[in-house]
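Asks: If you want the building blocks of each chain, they are given just below.
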Amino acid sequence: MTLPKTPSQTVGPYYTIGLSPWSRNELASPADPGALRLHGQLLDGERQPVGDGLVEAWDRVGRRWGRSGTDADGRFSFVVVKPDGSGGEAPRLDVFVFARGLLRHQLTRIYFPGEPANDTDPVLSALSEDERSTLVAEPEDGALRFDIHLQGDDQTVFFAH
Amino acid sequence: MTVPGVDTSIVLPDDPSFGPEVQIDYPGYRSTRLRAPKSPLVTLPEEFHAIDGPVFGDLPIGELDHDLTRQFAGEPLGERIVVSGRVLDEDGRPLRNTLVEVWQANAAGRYHHQVDQHPAPLDPNFAGAGRCLTDDDGNYRFVTVKPGAYPWGNHENAWRPAHIHFSVFGRAFTQRLVTQMYFPGDPLFPFDPIFNSVRDPKSRELMVSTFDLSQTQPEWALAFTWDIVLGRGAAATPFEEDA
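Chains as they are written, first to last, in numbering that gives the first Met the number 0: chain A, 0 to 160; chain B, 0 to 242.
There could be a bad hint or two in this list.
[Unchecked claim] With a cut-off of at most 30 Å between alpha-carbon atoms, the simulated DSSO-like pairs for lysine-lysine come out as follows:
id, chain 1, residue 1, chain 2, residue 2
1, A, K4, B, K37
2, A, K81, B, K145
3, B, K37, B, K145
4, B, K145, B, K201
5, B, K145, A, K4
[Claimed, not checked] Taking CB as the label site, the calculated pair distances span:
id, chain 1, residue 1, chain 2, residue 2, range
6, B, S38, A, S124, 38 to 46 Å
7, A, G141, B, E62, 39 to 47 Å
8, B, R92, A, P115, 18 to 26 Å
9, A, R62, B, N138, 39 to 47 Å
10, A, D72, B, L63, 31 to 39 Å
11, B, D14, A, E25, 22 to 30 Å
12, B, R32, A, G113, 35 to 43 Å
13, A, D72, B, R32, 49 to 57 Å
[Said to hold, decoys possible] If you want the footprint, here are the derived chain A segments under chain B, 3+ residues with CB under 8 Å:
id, segment
14, 3-11
15, 22-32
16, 67-73
17, 90-98
18, 119-126
19, 139-146
No lab work stands behind these hints, which were simulated from the structure alone.
Think of the CB as a built atom: it goes at the ideal place given N, C-alpha and C, for glycine as much as any other residue.
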C-alpha cells in the first residue's frame with residue numbers, strides 16, 4: 000500500500016511565529032576551536048534581498064542542525080565547524096531554503112573552499128564549473144560567505160528531492 | 000477546478016498529472032515570479048535520500064506547547080478546536096517522536112506578526128504558535144481556535160482560506176515538509192492561488208482536514224483530524240525500530 004504524499008505549501012511571510020522560538024543558528028559552539036561564522040544573503044531574481052526567508056543547515060556527519068531566518072537585507076548566518084568528509088564525499092552542509100513565494104522548499108549544498116576532496120566529490124565534480132561555483136562558500140574576513148541566488152544567470156544549483 | 004467568474008490568470012485549470020507535486024512557478028501567486036528557481040533541478044544519487052535528518056527528541060517542549068488556548072492568562076476568542084492526526088510515511092508507517100510545529104492567524108484572521116497590519120483585531124490571549132512531538136503511533140494533537148480567513152495583497156480582493164501552517168521533519172532528511180492544513184468546505188478554495196498551486200484536485204484534498212465528531216469535546220471544543228504523509232526518503236530506508 001502506498002499512501003499519497005501530502006503536498007507542500009509555502010512557509011509564507013509569518014513563519015517566525017511558529018519556527019523562530021527554536022531558532023538556533025549555532026551548529027557548533029562559538030567557543031569551539033574550529034568554529035567558523037558562515038553567512039550570506041538570500042537574493043531574488045532581481046538580486047533584491049529576500050527579507051522573509053528561512054535557511055536550515057544540516058551536517059549529517061556530525062549530526063548538527065541549525066536554522067537562521069533572513070533579516071531585511073536577506074542576511075542569514077550560522078556558526079559551524081567544517082564537517083568531516085565521508086565515503087569519498089567532500090565536507091558539506093545540506094541546506095533547505097524556505098520563503099514566501101517558494102511553494103516548496105529548495106534543497107542545496109554548501110561546500111567548503113580549498114578542500115582537495117571537492118575535486119572528486121561525486122556530486123560537485125559532475126557539475127559544470129559555473130554550477131560548482133554556486134555551491135562552494137568563499138573565505139571572507141576569517142568567515143565564510145555563501146550567497147543563495149533563487150534565480151538568474153548565477154542561480155544557485157538546487158537539487159531534486 | 001473551473002469556476003465561472005474565476006480569473007484563470009489567478010487560478011489555473013486542474014491538471015491531475017501533477018499528482019502531489021506543487022507547481023512552484025505558479026503564475027497566479029505573485030511572489031513566485033522572482034523567487035521560484037528557473038533552472039532545472041539536479042538529481043542526486045539515490046542513496047542521498049536515505050540520510051537521516053535531525054532528531055529533536057531532546058527539545059524542551061513545555062506541557063502546554065501543544066495548547067494554543069492556554070499560553071496566556073485569559074482565553075482567546077474564537078471557536079475552540081482540537082486538531083489531531085498522524086504523521087506517516089508513504090508505506091503507512093508512523094513517524095514517531097518527530098517534531099511538529101504549527102502557526103496560524105487568530106479567529107479574526109490576524110497574525111501576531113508586525114508585517115500583518117490588516118484591520119482586524121489582535122487577540123491579547125493568542126500568539127498562534129504551537130509544537131509537539133508525535134507519540135509512538137505517530138499521533139500529534141493540538142488545541143487551538145479556528146483561524147479566520149484574511150485578505151492579502153496578491154490580487155484584487157484576494158483572501159486566503161482559513162488554514163494552519165504545519166512544519167514536520169520526519170526521519171530521513173528529505174522527508175522534511177512545510178505545508179498548510181485547510182478546513183472542509185471552505186468557499187474560498189476556488190479563488191486561492193496557493194491552494195490551487197497543487198493542480199491535482201485529489202492531491203488538494205489531502206491538505207483539507209475532516210470534521211471528526213468522535214474527537215469533539217462536548218460543551219467544549221469541535222475537532223478536525225488530518226493525517227500528514229511524508230515521502231519515504233528512500234525506497235530502501237530501513238525502519239529497524241519497526242522490525
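Asks: Taking the hints in turn, state whether each one holds.
Replies: These are the hints, each one checked on the structure:
1. At roughly 24 Å between alpha-carbon atoms, A/K4 and B/K37 fall within 30 Å of each other, so this suggested pair holds.
2. Between A/K81 and B/K145 the alpha-carbon distance is near 45 Å, which puts this suggested pair outside the 30 Å criterion.
3. Proximity of B/K37 to B/K145 is assessed by CA-CA distance (about 37 Å); at most 30 Å being required, the pair is judged violated.
4. Restraint check for B/K145 and B/K201: satisfied, since their Cα atoms lie roughly 24 Å apart, inside the 30 Å limit.
5. Between the alpha carbons of B/K145 and A/K4 the distance comes to roughly 25 Å, so the proposed pair stays at or under 30 Å and holds.
6. As the Cβ distance of B/S38 to A/S124 is approximately 19 Å, the hint placing it in 38 to 46 Å is violated.
7. Checked against the given bound of 39 to 47 Å, the beta carbons of A/G141 and B/E62, roughly 43 Å apart, stay inside it.
8. At roughly 41 Å, the beta carbons of B/R92 and A/P115 sit outside the given window of 18 to 26 Å.
9. Range check, A/R62 to B/N138: about 26 Å between beta-carbon atoms, so the 39 to 47 Å window is missed.
10. Between A/D72 and B/L63 the Cβ separation comes to about 36 Å, which falls inside the hinted range of 31 to 39 Å.
11. Between B/D14 and A/E25 the beta carbons are some 43 Å apart, a value that contradicts the proposed interval 22 to 30 Å.
12. For B/R32 and A/G113, the Cβ-Cβ distance of about 37 Å falls inside the hinted range of 35 to 43 Å, so the restraint holds.
13. Checked against the hint of 49 to 57 Å, the C-beta distance between A/D72 and B/R32 comes to roughly 21 Å, which is inconsistent with it.
14. Under a criterion of three residues with beta carbons nearer than 8 Å to beta carbons of chain B, the stated coverage of the segment 3-11 of chain A is upheld, 9 such residues being counted.
15. Counting residues of the segment 22-32 of chain A whose beta-carbon sits less than 8 Å from any beta-carbon of chain B gives 0, not enough to reach three: the coverage restraint is violated.
16. Note: the segment 67-73 of chain A has 0 residues with beta-carbon separation from chain B under 8 Å; the three-residue rule is not met and the coverage is violated.
17. Only residues whose C-beta sits within less than 8 Å of a C-beta in chain B count toward coverage, and the segment 90-98 of chain A has 4 of them, enough to reach three; the restraint holds.
18. For the segment 119-126 of chain A, the stated coverage by chain B holds: 3 residues have a C-beta nearer than 8 Å to a C-beta of that chain, and at least 3 were required.
19. Counting residues of the segment 139-146 of chain A whose beta-carbon sits less than 8 Å from any beta-carbon of chain B gives 0, not enough to reach three: the coverage restraint is violated.
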